[in-house]
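The primary structure of each chain is shown beneath.
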Amino acid sequence: MSGNVLYDVPGPRARARNRLYGVIATAALLGLVAFTVYRLNDTGQFQGGLWSVYEYADTQQRIVDGLLTTLKTFAVAAVLSLVLGAVLATARLSDHAPVRWAATTVVEFFRAMPLLIMIFLLYAAVFTSAPMWALVIGLTLYNGSVQAEIFRSGINAIPKGQSEAAYAIGLRKTQVMTTVLVPQGVRTMLPSIISQLVVTLKDTSLGFIILYEELLFVGKAFAQQTPPVNGVYAFIPMVIVFGSIYILLCMALSSVATWAQRRV
Amino acid sequence: MNVLSDNFAMFREGFIGTVELTALSALLALVLGTLVAGFRVSPVPALRVFGTAWVTLLRNTPLVLLFLAVTLGLPALGLKGWDSFWLAVLALGCYTSAFICEAVRSGINAVPVGQAEAARSIGMTFRQTLTQIVLPQASRTAIPPVGSLLIALAKNTAIASGFNVVELGSVQKTLNAAAGYDIYVIFLWIALCYIIITFTISGLFRLLENRLAVAR
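Heads up: the protein sequence lines correspond to chains X and C, in order.
When the first sequence is numbered by numbering that gives the first Met the number 0, its final residue is 263 and no position is left out of the sequence of numbers.
When the second sequence is numbered by numbering that gives the first Met the number 0, its final residue is 215 and no position is left out of the sequence of numbers.
Just chain C, same shape as in the assembly (with noise of 0.2 Å):
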């Protein structure tokens, strides 16, 4: 019997659950990354403070304990209510924006610093030059490292089935445990829809990169 076809629709749900969790967190984690990369490089010193407590906290801790203490805490504080689901987007969220925000501030401190000095002899403020001068061209030099992230998220999502968000993870876990399938060929279907995964996401970055690239 055939792994695929029997459990076609486990399959489809499972790549779904997958792709929705990658992109709902990648969205979080870039929208949170670039304001605590704001947060880092902003004149005030205690977002500067706050910028790099959540940075050193969230690379140190391991992403298992990370959602245990998502799963867990969050409805000790009055979070009720909240599905498995988006739990997982927000403990995946966190953690890869203190990795984004280490790239987007990255791309930062590469663009030429003529840039920021001509916009602040225009008169510009700190949030215009920022926003409109310097993070546009920091987003060149971000794109290549944000890419390599977001496919790490991606396959970072598998950790949620441990979570009971249904994924291709949790997909692996009940074949594995039904019995009668060739757990290598569960594996190569199952590595084979995480491969079509990282490799859109790898080809969508390849082709930010290329609309984006100018010659300097």
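In isolation and in its complexed conformation, chain X is listed as follows (with noise of 0.2 Å):
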């Protein structure tokens, strides 16, 4: 049910009723907007001091540098997270009842996990000298299971005349796989394939908290670096900076997964 289902073709009145609505709204919301920058400003956070850290060659190489390494660590855990959650997908779809129960156990415990839980533990228990490692190995684990089970049902959504025609010109298994299965599944697994990249992506500022010198780390850096100036420290550009850097990275993603929607 699309929206203007709910109400009716609006009168002359209803017109006029949401139009005051609709200036209402509108003036509350930028009311809003401008009394956060009104306090932002009152509170010293525009100050040329601040923000000036940001004009130098050198601080743009560290945020190139801290992005690169968020990318990079999003590309490994992106790629591993990919080939587990193919191994699990296919090792629960198995004929064996051991190999399905095994892998649903991995995949069930996984997802049941939280993400830092996991990487608390990794950092702590394996990787205190490379926290990277913890990240991704974190990352992979939870997403892995996650991906298993979007491919897992997308495969599950086909058409079981599919496989059964398979079956009966003689292909085997393995072949029924992939060369009919997956084909098919791929178009529709791939909007919620790219979503949960979108996850991952967003996840990697875990490593935030575990000190690694991904994107997030980086800007917190910078904030405790830049002397403050009239007693007011550089938090709040940081957050403005790094933020939109994140939102329009995590965007960009989300917008191959619209636009892979509409091409399936």
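Worth flagging that the hints you see were computed from the coordinates, not collected in a lab.
The C-beta atom is built at its ideal place from N, Cα and C for all residues, glycine as well.
Keep in mind that a hint or two might mislead.
Computed from the model, here is a short list of chain C residues facing chain X with C-beta under 7 Å [to be verified]:
1. LEU46
2. LEU71
3. GLY77
4. ILE121
5. ASN175
6. ALA177
7. TYR193
Since each chain sits alone in its own frame, please combine them into the complex, following the hints.
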């Protein structure tokens, strides 16, 4: 049901009323934005001294480095989680019950665990000196399990006739999977897979909590290094700058998902 | 020595902290999410734009960043004196509300068109149609996805441990740093606590689903 089923086509009076509500809502929102900007200005967040650090080439280089670290972590975790997802999904679709049970246990366990708790474990127990791998392995285990469920449900959603027909012409199980089911499944799965990749990208920022030098950590380091101007620390400029970078990155990846959805 | 019996008070406090954080931010997320879903289907364009912007922005922000923005930004805006627990509730609630909004909206979309048409034909206004006819029916389809969103919320509360809130994540961090305990054993106890919480949520929602189920 699209939104406009919920209300009649507005007549003259309803139009006037909606306009009034619209004006009130717009005024309230603009008021909120204006208040935010006013308060930020009032508390001295827009002083040049807090922002000038972002003009230096050295700073910009460090932001790029942080961004590349984030993207590198994301890329490794994304590839590994897709591989793990494929393996687990294959195991869950296996004809051998023990394999199926093992894979189900693994998938359910890692999906039920908070990612950060797993990262704390890996960081404290195994990768004390290499936080990147604590982050990457944690992301892989969690997102791999979620991807496995996406793959499995994508394969299961294909009409039964497809695999029956493939078996009927004498294809083996592997052939049925690789030549008939997977090519069809990928089309329907693609939007969900990409949405999960956006989650992976967002979750790389958890590295911040285990002091891994990714984008957000670089931002915090800046804010701590910039000397306070008139007693104001440079944390708000950092949140504004780095927040914009993150949101743009994730929105770019999300729009790929929307595009894929439209194409399918 | 046994991690759990030695530090039972700490575990209990962490467990209660996580439960409270989950419950309060779930409440905030449900209220905000339903409200924003109402905005997104409303006849007022300005509210629709606001709803879309809210969802797009929050869904594309990493939760850690939102935590930073809330814990650093709100004091600058004059909201001083809030302790880190309530700031965490605010961050988690706003973040989850964007996802709840989408779940509710797809629930609204799943209600047969005839329901809203019938409501309009007997002269109901938008608000009456939405609150008395469509939302009660939409809640049935929305319950399973909302359940899994609240489970995700319970898991996300762990992030609050990075922002001075006492909950299970911070317990794990403290015990990991304390010498003498096996880190894997600590993890298993913490994991068990989370599994208790998530199983309770999914059980509650299964109960709710069965209670509200009707033959269509």
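Legend entry - Violations among the numbered hints: Going through the list in order, the structure violates hints 4, 6 and respects the others.
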